[in-house]
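For the protein sequence lines, the chains are A and B, in the order given. Using the working numbering, the letters of the first sequence map in sequence onto residues 1 to 339. Using the working numbering, the letters of the second sequence map in sequence onto residues 1 to 363.
These aren't lab readings, by the way, just hints derived from the structure by calculation. Where hints are given, some of them may not hold.
A partial selection of chain A residues facing chain B, derived with a Cβ cut-off under 7 Å [said to hold, decoys possible]:
| # | residue |
| --- | --- |
| 1 | Pro108 |
| 2 | Gly114 |
| 3 | Glu161 |
From chain A, some residues computed to sit far from chain B (all C-beta separations above 12 Å) [said to hold, decoys possible]:
| # | residue |
| --- | --- |
| 4 | Ser75 |
| 5 | Asp129 |
| 6 | His138 |
| 7 | Met153 |
| 8 | Gln160 |
| 9 | Leu176 |
| 10 | Leu189 |
| 11 | Ala263 |
| 12 | Ala280 |
Virtual Cβ for every residue (Gly too), placed ideally from N, Cα, C.
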Amino acid sequence: MPALQTQNLTTGYTRRRQQVVVSSDLELELNSGELTCLLGPNGAGKSTLMRTLAGMQQSLSGQIDLMSQDLQSMSASERAKYLSVVLTERPDGGLLNGYALVALGRQPYTGWSGRLTQHDRDKVQWAVDAVNAADIAHLPLTEMSDGQRQKIMIARALAQEPTVMFLDEPTAFLDLPRRVEILRLLRTLAHDTDMAILLSTHDLDLALRTADRLWLMDDNGGVHTGMPEALIINGTFARVFHSSGVPFDANSGGFNIYESGRAVISVTGDTVYATWTRRALQRIGFTVVDDDRQTDRRVTINDQSGRVIWIVQTARGHTQLHTLEDTISYITMDPESTA
Amino acid sequence: MASRTQTRAALPVDAVLNLQSRAWLLLIFAGVLLVVFVVALSVGSVSIPLSQVIAVLAGGEPDRATWATIIFRHRLPRAITATLAGAGLGISGLLMQTFFRNPLAGPFVLGISSGASLGVALVVLGGGSVGAAMIAGVGFSRDLLLAAAAGLGAAGTMVIIMIAAHYVDSRMTLLILGLMIGYLTGAAVSLLLHFSLAERIQAYVNWTFGSFNSVTWRQLRILAPAIIAGSGIAFLLAKPLNALLLGEQYAVSLGVNLTRSRRWIITATALLAGAVTAFCGPVGFIGVAVPHLCRSILNTSDHRVLLPGVAIVGATMALTAAIIAEAPGSNIVLPLNAITAVLGAPVVIRVILARGNAGKVFG
Chain A
1 MPALQTQNLT
11 TGYTRRRQQV
21 VVSSDLELEL
31 NSGELTCLLG
41 PNGAGKSTLM
51 RTLAGMQQSL
61 SGQIDLMSQD
71 LQSMSASERA
81 KYLSVVLTER
91 PDGGLLNGYA
101 LVALGRQPYT
111 GWSGRLTQHD
121 RDKVQWAVDA
131 VNAADIAHLP
141 LTEMSDGQRQ
151 KIMIARALAQ
161 EPTVMFLDEP
171 TAFLDLPRRV
181 EILRLLRTLA
191 HDTDMAILLS
201 THDLDLALRT
211 ADRLWLMDDN
221 GGVHTGMPEA
231 LIINGTFARV
241 FHSSGVPFDA
251 NSGGFNIYES
261 GRAVISVTGD
271 TVYATWTRRA
281 LQRIGFTVVD
291 DDRQTDRRVT
301 INDQSGRVIW
311 IVQTARGHTQ
321 LHTLEDTISY
331 ITMDPESTA
Chain B
1 MASRTQTRAA
11 LPVDAVLNLQ
21 SRAWLLLIFA
31 GVLLVVFVVA
41 LSVGSVSIPL
51 SQVIAVLAGG
61 EPDRATWATI
71 IFRHRLPRAI
81 TATLAGAGLG
91 ISGLLMQTFF
101 RNPLAGPFVL
111 GISSGASLGV
121 ALVVLGGGSV
131 GAAMIAGVGF
141 SRDLLLAAAA
151 GLGAAGTMVI
161 IMIAAHYVDS
171 RMTLLILGLM
181 IGYLTGAAVS
191 LLLHFSLAER
201 IQAYVNWTFG
211 SFNSVTWRQL
221 RILAPAIIAG
231 SGIAFLLAKP
241 LNALLLGEQY
251 AVSLGVNLTR
261 SRRWIITATA
271 LLAGAVTAFC
281 GPVGFIGVAV
291 PHLCRSILNT
301 SDHRVLLPGV
311 AIVGATMALT
321 AAIIAEAPGS
331 NIVLPLNAIT
341 AVLGAPVVIR
351 VILARGNAGK
361 VFG
């Protein structure tokens, strides 16, 4: 049974008494123990969907079930025991230190004064440990880096012991190593605690590599769901991103950001040198093929016991080069290389 | 995960979240307040030795019989008023700073003092025969009339703000509304001032200086319950106030009923700031400075610690200002607001400079 399920859900908002529909007729399921990534172009309605599913915004119509209860008729305090969020808004937290901030996550379970029991403190410690933040949690928030602060915000959401956790672009302000760390952490948490985690992101590559499931939102607010690899194979990915004007390359699993405009060239060899020689040639506009019978422009890479040689064959002739840079400049000097 | 047997080893979380050291600081604060309170009883137009003050309070006979009368009739109501007013201003200032997430917010951001000043201006400047009777000065009835006018003005503003808060969601709108009410009442007051006689203007200006001196035992029967009720509401709000440190969206996700919390925060502020303004005039700076002072000394943003903190420190600051206003050793009484500004402004400046920027000061 999914942790969260929608039926006929229409999201949007009311402006000047006019309903503005963002997404309509959504039938979605969020599974326990899975990390789900929500991808899609800006302005498609990712945040609206997330806020609606988190009960922070009214839907226009339809049903949202959270553990078989009607989410939209739950009070904020009931909801807080099942559902926690990490928002893009980054609170400065004043003079709160990491532990005090994580402890706020226990509010749904404490009495009127917010006093923590030993059990609550155990949970706070567990949440801090779970995000590997034990070494920094005593620091005030103002002294933390963006990545550390984001871990603390995740620990706070975790201390709420939610069934479902929503994260709105949790990696937006982080550098690449921190993004990898946070995503890996969230996947582990989903698997280990049997939580359902939904996070929105623009990190296509990371999402493809870490998510158990993807929700792919198109320009019209429609959501296509499935295993990441399956969505690539069946062409959904290419279709969704094609409409935004960026061709998706199913072979590499990334966007095709190269512009063609030069001749066809073949690259043979199967070392890491060949891979990156192909990339370099694609970047400057060549169409690279593997089969050297399709063209008379050829690069062959020989790795002779650690000494790498690029053998280049063009209309001008035939030469051997020792670095990638020399190879590229030799090939581009050929006036006929521009198709 | 740690087992839940009785002999759980202490975790790092226990040491960091321990509030006992803060409880000690609060006790020290309370001790200082007690000392300042006694000193406040000794200063005034007649200087009474501290030993005699303590003797009178202990129920003994002072060296001069009039001293007991002075203390019970004048000094004690004044000191109690200053204590209540300071606590009320400190608490309402903290409520507004957290609610608006703005370090410069204070008890009067919602326009309470502006509404009160218009009420007072209407009575003093525009009240014709009523105003004339007031300048003639008829004992406590004059003060009571002022209090009623200020209270009505403050209440009127709060009704407008409450209605607005019911319909608009944005705190920023409320903040701007409070500001605009201030400008509008300011315009009305300056018109009234423009067409008034000099002595009436003087009476109005005196009210704007603020004072703890005119509150009698009888008036304390209204002021005290209002402050106690307002403080009680504020203490019950400690948990949602802590959640609001993260912003309204996070607070809702933690289970806070935003509409209800907002309504009670405004009610508590109205009670506290409204009652103080009605009886003591628009006493400035304490409400803005004290929360900053407490955050920096107590080094926390936790309202369970800050609320008692600002109440005690606010009371201490108000009493100190009252003592200085009496200009001990002289026969003059200085305007209270001049003193609170001189005490309060350096606090705000120091705290802001020490922290690097205002955003970080505020919690």
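Hints, verified against the model:
Interface hint status for proline 108 of chain A: upheld, as the beta-carbon distance to the closest one in chain B is roughly 5 Å, under 7 Å. Using the Cβ-Cβ criterion of 7 Å, the hint placing glycine 114 of chain A at the interface with chain B is satisfied: the shortest such distance is roughly 4 Å. Because the closest C-beta pair between glutamate 161 of chain A and chain B is about 12 Å apart, greater than 7 Å, the hint is violated. At roughly 7 Å from the closest C-beta of chain B, the C-beta of serine 75 of chain A falls inside 12 Å, breaking its exclusion from the interface.
The Cβ of aspartate 129 of chain A sits about 9 Å from the closest Cβ of chain B, inside the 12 Å cut-off, so the non-interface label is violated. At roughly 5 Å from the closest C-beta of chain B, the C-beta of histidine 138 of chain A falls inside 12 Å, breaking its exclusion from the interface. Look at methionine 153 of chain A: its CB is around 9 Å from the nearest CB on chain B, not clear of 12 Å, so calling it non-interface is violated. Against the 12 Å criterion, glutamine 160 of chain A falls within the reach of chain B, whose nearest CB is about 7 Å from its own CB.
With 12 Å as the threshold on Cβ separation, the claim that leucine 176 of chain A sits away from chain B holds: the shortest Cβ distance comes to roughly 27 Å. Non-interface call for leucine 189 of chain A relative to chain B: holds, since the shortest CB-CB distance, roughly 14 Å, exceeds 12 Å. Distance check for alanine 263 of chain A against chain B: the nearest CB is about 55 Å away, which clears 12 Å, and the non-interface claim stands. Distance to chain B confirms alanine 280 of chain A as a non-interface residue, since its nearest Cβ pair spans about 46 Å, more than 12 Å.
When held up to the earlier numbered hints, the structure conflicts with 3, 4, 5, 6, 7 and 8 and fits the remainder.
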